[in-house]
Each structure stands twice: as C-alpha cells, then as structure tokens.
Amino acid sequence: MSRRPGVAIVGAAETERIGRVPDMSAMQLHAAAGLAALRDAGLTTADIDGVACAGESPVDVADTLGIRAGYLDGTMVGGASFMLHVRHAAAAIEAGLCHTVLITHGESGRSRIGMQPWAPAPQSVRGQFEVPYGAILAPSTFPIGVLRYMKRYGMTPEQLAMVPVVQRRWAARNPRAKLREPITVEDVLASRMISYPLHLLECCLVTDGGAAIVVTSRDRAADRPRPPVHLLGAGEAGESPAISQMADLTSSRAFRDAGRAAFAEAGISHADVDHLMIYDAFAHVPLYGLEDLGFVGRGESFSFVEEGHTAPGGRLPTNTNGGGLAYTHTGMYGMFAIQESVRQVRGEAAAQVDGVRVSVVLGNGGSFMSAGVLVLGAAEAAG
Amino acid sequence: MAGDEGRPKPVPRPTPDTAPYWDGAAAGELRVPRCRPCGEAFLYPRPHCPVCSSDDIEWFTASGRATLHSYLIAHIPAPGFEDEVPYAVAVVELEEGPRLMSGIVEVPNDPEHLVLDMELEVVFDRHGDVAVPKFRPRGGAR
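Line by line, the protein sequences give chains A and B.
Counting along the first sequence from 1, when you hit position 277 you're at 277 in UniProt numbering, and nothing is skipped either side.
Counting along the second sequence from 1, when you hit position 112 you're at 112 in UniProt numbering, and nothing is skipped either side.
I should point out that these hints are in silico values taken from the structure, not numbers from a laboratory.
In this text, all values refer to a predicted model and were calculated from it rather than measured experimentally.
Here a beta-carbon is modelled for each residue, glycine too, at the ideal position from N, C-alpha and C.
Some hints here could point you the wrong way.
[To be verified] Keeping only pairs whose Cα atoms sit at most 20 Å apart, straight-line, the calculated EDC-like set for lysine to aspartate or glutamate is:
#: 1; chain 1: B; residue 1: K134; chain 2: B; residue 2: E119
#: 2; chain 1: B; residue 1: K134; chain 2: B; residue 2: E121
#: 3; chain 1: B; residue 1: K134; chain 2: B; residue 2: D56
#: 4; chain 1: B; residue 1: K134; chain 2: B; residue 2: E82
#: 5; chain 1: A; residue 1: K151; chain 2: A; residue 2: D248
#: 6; chain 1: A; residue 1: K151; chain 2: B; residue 2: D110
#: 7; chain 1: A; residue 1: K151; chain 2: B; residue 2: D23
#: 8; chain 1: B; residue 1: K134; chain 2: B; residue 2: E95
#: 9; chain 1: B; residue 1: K134; chain 2: B; residue 2: D117
#: 10; chain 1: A; residue 1: K151; chain 2: B; residue 2: E112
#: 11; chain 1: A; residue 1: K151; chain 2: B; residue 2: E119
#: 12; chain 1: A; residue 1: K178; chain 2: A; residue 2: E16
#: 13; chain 1: A; residue 1: K151; chain 2: B; residue 2: E82
#: 14; chain 1: B; residue 1: K134; chain 2: B; residue 2: E96
[Stated by the list, open to error] Here chain A is said to cover these stretches of chain B; the calculated rule only asks that three of the stretch's residues, wherever they fall, bring their Cβ under 8 Å from a Cβ of chain A:
#: 15; segment: 23-36
#: 16; segment: 52-64
#: 17; segment: 83-92
#: 18; segment: 98-112
Same shape as in the complex, but just chain A (with noise of 0.2 Å):
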C-alpha cells in the first residue's frame, strides 16, 4: 500500500511536433507543451500556481505563460530532472505550498533554437578531470563502462545489439516514433561505430521537442476529465558527476537508490509492474536499469532481454514507445519516458499494453549522475 497522501497527474502532453522543429525555440517548445498539457487536464493558466522546470529557468516560463507561481522548481540534473521535479511537486502540495503544479519540457536538441551552448565549465570538476581527455558530449563518457560489463558478465556485441532491434519492434507499433523500420542484429552491428563498442544503432536519437504534466492533489485530481494517474511513490539519488568516479561502472548506484526508494514508498514488488520505462540514451542504459531497479539479478539483464521479456508480447513490456533510441530524444528525455507511462495508465499509447495497472519509470541525469524514479498507478494503491 502507498505511504503517499496522494496526488495525481492530471494532465499530460507533448507538443504536436517532435523531431525535427526548426521553427520553434526552446522556450517555444515549454509554452507549446505547457498549453498543451493545460487543455488535456482540462485547466487553464489561473489554475496553476506552481511551476517546475529544468534547463530555461521557471520564473522564465511562467512570465511567458503569464502564471504567477507560489512554487517554483529549478532543479536541472539531466534528464531525471522531471521525475524530481513530480517528486517535490508531491511534497509540495502535500505540505499545502501549493495545489496544483505545472511541469514542462522543451528541447530544441536538433535545430538548437533558442539554446545556450553547453560545455562544462574548465574549473569544475569534469572540465578538470574529463573534459582535458576528450570527453565532453555523452557519446564520449555515457559508454564507458561497457567493455567492464562485457568481460564481467560475458555479453556479446550481438546481446547489446538486442535492445534497439526489441525497441523497434515497440517503435513499429507508434506512428509517431521517428525510427519505425524493423532492423536486426547484423544491421546493428553494421552501423557505423560511434563510440567503441557502441554503434550508432545503439545511441539515441538527437532531436526536438516538448512536453509536460500537471500534478494535483488527490481530491482536486477528482473533478477533472482525465482519468488520473495515481503517484504510488518516487525516488531520486545522485552518484558523480563525473562518470571515472562511479563506484562500480558496471552498475548505477543512483539507479538502485533511487529505485529502492520509490519502490518501498509505493510498497510493491517487481510481480506488481505491468509496465516499465528506463532512460535509453544508449543500449546499455536499459540493461543496468532492468538490473539496478531489481527486475533481475546482476548480468542477467541481457539474456532476458534477448528471450523477448521486454518485447511485445513478452512479460515486462518495456520502453514502449520505441524510447530515445527510435522515438524521441531531444537531450533530456525523462519527460517523455514519464509522458509514455501515463499514457500507457490511461489505456491510450500507441502501442498500448493490456491492463496497466501499475507503471514504473526511471530517469537518467548526465552520464549515471543522477536518477529518479516514479510509480505510477491507475488506482490509488497497487494491487
């Protein structure tokens, strides 16, 4: 049973567009999503008087939807930034800060519209430490552990080179997935290497987008149109910002303490998940989620992705969307990973899986940095 007083995501939406969207900045995509998700809980900007955000700064997007917020949440660690954000939105609202909580997205990841340019500064630590060997974007730090991995638990190239082929197959089913084509194992291992032993097969999508949520509390969550998808319990945790500095490279330490969190907070077990989102900025992010949230044990998570557990059809339907490998993925992607969960709650995904009862996401910050989960629940509690 859920320790959480309760509250709900009311509303939920993406802007119409995703992709390529060189017609609108970033600030553009937030307002668009903001609106968007608004007119889908059935509200308008009065009704809002808490505003949460990563990247542009909150008091920004509420002056350019003209909401005067009492709540304002900043917090930027990546792309587990949203599920913080629905995290502290919960506290706040059960605390009586304030009642009802607009939390947006807009990433102008491709055209870089409206964006700063993002580099690390030379003092801080990763200007120091990494930065100096050539590792500034994520494709040059995120697969560093790989190799470990691989020696470690025996995966092949062929294993990883499974996770995008099962997404596709997810991604097939979503016509408004980017990358809809069946591909195989051969295809993936004879795209072009982009960081050794990853393919480009096997890196995420870079482009742009918007999206965002309302979150309300149980009781206002009542009155509204859409069925409202239930916060059973949230995680978040932090390891390094530099990824040399991960205690194990083979693991996430964020992954697991924040997953244990949420997990205990919703009070469910690994049999009560219909369905599960993690991160995927690249192939292996998905298997050290399936292990570091418990779904299997350590090095198990490869073969049990490759006997079609995650797949269509399979037992643990994961990354149903097509994920930032073939959906979307304008940077920081956990919003979309949450927007796919409550869809599939709703019963309305593309590829929608039968009697989602309870769905799990879980958030990427930086490279491992950082990470939050959410449980979410078309009930108030689970079971």
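Based on the hints, put chain B in the right spot on chain A.
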C-alpha cells in the same frame, strides 16, 4: 602531440583545492590526496575526505602504476580532438586504489591493442600551460 592545428585542446583550470594535483603534474608527479585518519586515498581532489569528512588530508606521490579498468573509443571528436579520432577515453585504476579518467598514449587506440586490465604507467602531456596525466603501456607497447 597532435592538436597543433585547428581548435586547441581544452585546458583544465585548477582551483585552490586541486592545485597540488596540477602542480604535481607540472613537476612530473602524480600526486593524490589521502585522509590521515581513515587512510582513504581518493580522486578527484577535495579539501576533505569523501568517506569520513575529515579535513586532515595529506598528499602523496603515487607510483604512477595503474591498470586499464575500462574504456571507449570515440569516433566523434570533442572540439580540439578533431585530428585524434578515433581516440580512447579510459578509466584507469591506480595501484593505490583511486580511479581516474585518462588518455592512453604510445599505443594504437584500437581494441586489439587496448586490453582490459593491461598494466599502465603515467606520463605527462602538455595542454597549453598545464601538464595532463596520461598513461602508456608499462614496459613499452605490446
């Protein structure tokens, strides 16, 4: 080293708490902080121990011996690394325990030559005014 043409390589800018590390590198030594009370050697440098929070920190000169813990080979260059692709970005494990990110030099940066757990030793490479620790195979290239 390469990098004479085009954009310069990014240069680390020391802070007061990391200055002994970079001063050591300039002198050809890999200096590492260690907590006196609990004995923990750690990187990146901090003015306090990440295990026990003590600020009783001493610096010692590491042997420079390390093993190749894991790595990737970047085929898309970071700015300043255009003429080096493909290049390895590695995590090496010092004989004294701490790990750090580094580059591997004096050996082809390909999977055949870079084998996990191979033995390495530190060398120093100039980036602008700063010497940056990198590693080469111990006892020469294979």
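Each hint, compared with the structure:
| no. | hint | in the structure |
| --- | --- | --- |
| 1 | K134/B to E119/B | holds, 13 Å |
| 2 | K134/B to E121/B | holds, 8 Å |
| 3 | K134/B to D56/B | violated, 28 Å |
| 4 | K134/B to E82/B | holds, 19 Å |
| 5 | K151/A to D248/A | holds, 14 Å |
| 6 | K151/A to D110/B | holds, 17 Å |
| 7 | K151/A to D23/B | violated, 36 Å |
| 8 | K134/B to E95/B | holds, 15 Å |
| 9 | K134/B to D117/B | holds, 16 Å |
| 10 | K151/A to E112/B | holds, 15 Å |
| 11 | K151/A to E119/B | holds, 17 Å |
| 12 | K178/A to E16/A | holds, 14 Å |
| 13 | K151/A to E82/B | violated, 30 Å |
| 14 | K134/B to E96/B | holds, 16 Å |
| 15 | 23-36 | violated (count 0) |
| 16 | 52-64 | violated (count 0) |
| 17 | 83-92 | holds (count 6) |
| 18 | 98-112 | holds (count 6) |
The structure fails hints 3, 7, 13, 15, 16 (numbered hints given earlier, in ascending order).
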